[in-house]
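Participant: The whole structure should be built from the sequences, with the hints applied where relevant.
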Amino acid sequence: MSSAMYERMRANPKFQELVTRRGRFAWTLAIVVLTMFYGFVMVVAFNPTALGQPVAEGSMLTVGVAVELFMFIFFWSLTAVYVKRANSEFDALTQEVVKEAWKENK
Amino acid sequence: MRRLTQLGTALGFFAVAAMAFAGGPLEGVTEKQATNWHAIIMFCLFVMMTMGITYWASSRTKSTADFYTAGGGITGFQNGLAIAGDYMSAATLLGLTAMVYGQGYDGYIYMLAFFAGWPIILFLMAERLRNLGKFTFSDITAYRLDQGKVRTMAAISSLTVVCFYLIAQMVGAGQLIKLLFGLEYNVAIFAVGILMMVYVTFGGMVATTWVQIIKACMLLCGGTLVMFLAFSQFGFSFQTLLEKATAVHKLGPKLMYPGSLLADPVTAISLGLGLMFGTAGLPHILMRFFTVTDAKEARKSVLYASGFVAYFFNVIFLMGLCGIIIVGQNPEFFEGGVLGGKLIGGGNMVAMHLSKAVGGDMLLGFLAAVAFATILAVVSGLALAGASAISHDLYARVIKKGTATETAEIRVSKIATICLGFVAIILGILFEKQNIAFMVGLAFGVAAAANFPVLILSMYWKGLTTRGALFGGYGGLVSAVLFVLFSKSVWVDVLHNAAPLFPYTQPALFAMPIAFLLAYIFSKTDSSVRAGLEIEAFEDQYVRAQTGYGAASASNH
Numbered sequence: 001m002s003s004a005m006y007e008r009m010r011a012n013p014k015f016q017e018l019v020t021r022r023g024r025f026a027w028t029l030a031i032v033v034l035t036m037f038y039g040f041v042m043v044v045a046f047n048p049t050a051l052g053q054p055v056a057e058g059s060m061l062t063v064g065v066a067v068e069l070f071m072f073i074f075f076w077s078l079t080a081v082y083v084k085r086a087n088s089e090f091d092a093l094t095q096e097v098v099k100e101a102w103k104e105n106k
Numbered sequence: 001m002r003r004l005t006q007l008g009t010a011l012g013f014f015a016v017a018a019m020a021f022a023g024g025p026l027e028g029v030t031e032k033q034a035t036n037w038h039a040i041i042m043f044c045l046f047v048m049m050t051m052g053i054t055y056w057a058s059s060r061t062k063s064t065a066d067f068y069t070a071g072g073g074i075t076g077f078q079n080g081l082a083i084a085g086d087y088m089s090a091a092t093l094l095g096l097t098a099m100v101y102g103q104g105y106d107g108y109i110y111m112l113a114f115f116a117g118w119p120i121i122l123f124l125m126a127e128r129l130r131n132l133g134k135f136t137f138s139d140i141t142a143y144r145l146d147q148g149k150v151r152t153m154a155a156i157s158s159l160t161v162v163c164f165y166l167i168a169q170m171v172g173a174g175q176l177i178k179l180l181f182g183l184e185y186n187v188a189i190f191a192v193g194i195l196m197m198v199y200v201t202f203g204g205m206v207a208t209t210w211v212q213i214i215k216a217c218m219l220l221c222g223g224t225l226v227m228f229l230a231f232s233q234f235g236f237s238f239q240t241l242l243e244k245a246t247a248v249h250k251l252g253p254k255l256m257y258p259g260s261l262l263a264d265p266v267t268a269i270s271l272g273l274g275l276m277f278g279t280a281g282l283p284h285i286l287m288r289f290f291t292v293t294d295a296k297e298a299r300k301s302v303l304y305a306s307g308f309v310a311y312f313f314n315v316i317f318l319m320g321l322c323g324i325i326i327v328g329q330n331p332e333f334f335e336g337g338v339l340g341g342k343l344i345g346g347g348n349m350v351a352m353h354l355s356k357a358v359g360g361d362m363l364l365g366f367l368a369a370v371a372f373a374t375i376l377a378v379v380s381g382l383a384l385a386g387a388s389a390i391s392h393d394l395y396a397r398v399i400k401k402g403t404a405t406e407t408a409e410i411r412v413s414k415i416a417t418i419c420l421g422f423v424a425i426i427l428g429i430l431f432e433k434q435n436i437a438f439m440v441g442l443a444f445g446v447a448a449a450a451n452f453p454v455l456i457l458s459m460y461w462k463g464l465t466t467r468g469a470l471f472g473g474y475g476g477l478v479s480a481v482l483f484v485l486f487s488k489s490v491w492v493d494v495l496h497n498a499a500p501l502f503p504y505t506q507p508a509l510f511a512m513p514i515a516f517l518l519a520y521i522f523s524k525t526d527s528s529v530r531a532g533l534e535i536e537a538f539e540d541q542y543v544r545a546q547t548g549y550g551a552a553s554a555s556n557h
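Listed in order, the protein sequences are those of chains A and B.
Note that our numbering has the first sequence beginning at 1, numbered continuously upward.
Note that our numbering has the second sequence beginning at 1, numbered continuously upward.
Incorrect hints may have been included.
Listed next, the in silico DSS-like pairs over lysine-lysine satisfying Cα-Cα at most 27 Å (straight line) [unchecked claim]: (1) K99(A) <-> K296(B); (2) K134(B) <-> K84(A); (3) K99(A) <-> K134(B); (4) K401(B) <-> K62(B); (5) K14(A) <-> K462(B); (6) K296(B) <-> K84(A); (7) K14(A) <-> K296(B); (8) K103(A) <-> K296(B).
None of these hints come from the bench; they were simulated from the model.
Computed from a prediction, not measured in an experiment: that's the story for all the values here.
Facilitator: If you want it as structure tokens, here you go:
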């Protein structure tokens with residue numbers, strides 16, 4: 001728990017790598033979700049009729065329903081992608097950082 | 001009547017769905033229904049099962065960690081179900097089904113708005129919450145700031161959120177149970193209040209989590225079964241379903257167009273912000289992140305939770321559309337047998353009528369029991385969050401300054417739970433005839449404006465000082481409350497003034513920037529020695545947030 005441990009971890013280039021890589025990944029995904037969601041809200045607010053059009057002639061499925069269903073699935077897939085990468089790659093890197101700080105401790 | 005519509009829909013989690021209903025085409029009725037024995041028997045089974053679990057949980061609840069966070073030993077999957085249970089309230093099942101039934105596609109838009117916050121919570125908050133927090137979210141905000149002042153502020157805003165939420169839940173519960181079970185309003189209020197006290201005081205977080213898990217499974221199964229039976233009548237063809245629905249619905253082809261609910265861009269954005277960041281500031285949701293072993297499990301719980309929520313919202317969308325034909329075209333479900341008239345039991349009863357139409361009294365009884373169980377579970381989670389703000393933050397850290405023993409702290413939290421239970425019962429009875437739709441809105445507004453900005457700044461911004469956190473937190477709290485007070489839903493509808501002082505119903509877009517701005521200005525201008533130390537302490541906090549080194553670990557059982 002000591003501050004010295006945190007100091008050593010911070011000095012480890014792997015820590016910087018972890019922070020940069022995970023930060024970039026998380027923010028990219030977050031921006032994708034925010035852009036798509038608020039973009040959709042803007043379409044709802046300013047051009048609602050576009051969402052009521054059928055996806056194909058004679059189909060009852062509208063653009064709006066298709067887009068939303070896609071977003072439900074896509075956003076959930078993004079969470080799955082993040083969890084997969086964070087729980088394997090990033091967590092392994094985290095453990096290395098902690099382990100190396102311990103070693104120096106001895 | 002209109003009031004009841006608002007009451008009924010304000011039941012659960014989502015403020016805005018509730019508010020959107022106010023003045024919508026759905027009408028409610030206040031009469032007590034005939035006693036529904038199927039529902040009562042099934043609900044009693046649920047209570048017996050959860051009491052058994054509470055008994056088991058009480059033997060495992062010894063330390064404060066057990067009481068607040070189930071010893072940190074809940075798995076990601078279990079926690080995911082519990083979070084989904086917290087998120088899918090009775091309002092989701094009843095209110096959103098009714099919304100799709102009445103307004104079609106608009107209901108689907110709302111559901112996406114409720115869902116979209118979860119990926120953001122995962123990407124930006126989940127692992128830092130788990131790595132820094134222990135029992136309550138003020139553990140994070142007070143990590144490097146003045147314990148006493150910051151915890152007091154966080155406890156005040158947590159309790160504000162919990163109380164507004166409890167009122168909405170209790171009043172909604174009383175109304176709903178009167179309709180579904182045919183019990184007296186006061187009997188229903190006492191039943192909910194007392195069961196909640198038993199779960200929380202004896203079983204702590206272990207029992208609360210399992211009640212939530214069982215209820216989530218019941219809700220998922222019940223909803224899926226109703227949807228399956230109803231959709232089978234259309235040969236599982238979305239095309240056939242929509243052709244028939246648009247043919248008979250009064251909106252006609254407009255059923256599948258966005259309606260007037262989100263027509264105003266300011267309201268639309270404010271709503272989106274409030275839902276997204278309000279969720280990320282609700283004390284009983286945040287507390288769930290401390291019940292899992294580590295950041296890995298915290299991430300998994302969001303993955304499972306958002307999967308269940310997304311799935312269930314789509315089930316509800318189909319249920320609502322099927323209801324348009326199966327319920328909407330059956331005179332049996334309308335008062336006096338007049339098609340297109342008033343639905344028996346009020347507009348929120350679509351899901352219930354649908355279950356009766358496709359599965360008879362047994363399925364109706366099951367779904368009614370699920371709705372009651374849902375309220376009970378959400379109320380228990382809220383009470384636990386409120387009690388921990390009192391015992392962990394105010395008693396142990398502010399009053400006793402960390403010297404309280406575990407036994408004393410647990411005793412205080414149990415007393416706090418019982419007090420909150422009685423407060424909830426009293427408020428539920430006092431507010432029976434009041435318009436409470438705005439209260440869920442207020443809870444979300446306060447969570448988004450008072451809790452969220454300080455929480456996110458404390459994790460992401462090095463420069464935050466105690467002074468900034470206090471101004472930001474209290475500023476957000478006061479401005480959110482005032483914006484709601486001066487908006488149409490309180491200033492005009494409750495206080496009967498001629499015109500609202502604040503033109504929008506959603507406070508988030510305005511109150512959140514105020515909180516952020518105040519926190520920024522008062523941190524930047526804080527040149528005290530203490531502020532310097534707080535800024536310095538961020539470096540260590542940052543490493544812990546990123547690596548989880550030094551994070552509270554699971555206790556062994």
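Participant: Each hint: holds or not?
Facilitator: Hints, one by one, checked against the model:
1. A distance of roughly 18 Å separates the Cα atoms of K99(A) and K296(B); the hinted pair therefore holds under the 27 Å criterion.
2. About 25 Å separates the Cα atoms of K134(B) and K84(A), which keeps this hinted pair within 27 Å; it holds.
3. For the hint linking K99(A) to K134(B), the alpha-carbon distance of about 23 Å falls within 27 Å, and the restraint holds.
4. In summary, the hint linking K401(B) to K62(B) is supported, as the alpha carbons are separated by about 22 Å, within the 27 Å threshold.
5. This hinted pair checks out: K14(A) and K462(B) have alpha carbons roughly 21 Å apart, not beyond 27 Å.
6. The hinted pair formed by K296(B) and K84(A) meets the criterion: a straight-line CA distance of about 10 Å does not exceed 27 Å.
7. Straight-line distance between C-alpha atoms of K14(A) and K296(B) comes to about 19 Å, which keeps the hinted pair within the 27 Å bound.
8. Note on K103(A) and K296(B): the hinted pairing holds, with a Cα-Cα distance of about 24 Å set against a maximum of 27 Å.
The structure agrees with every numbered hint stated previously.
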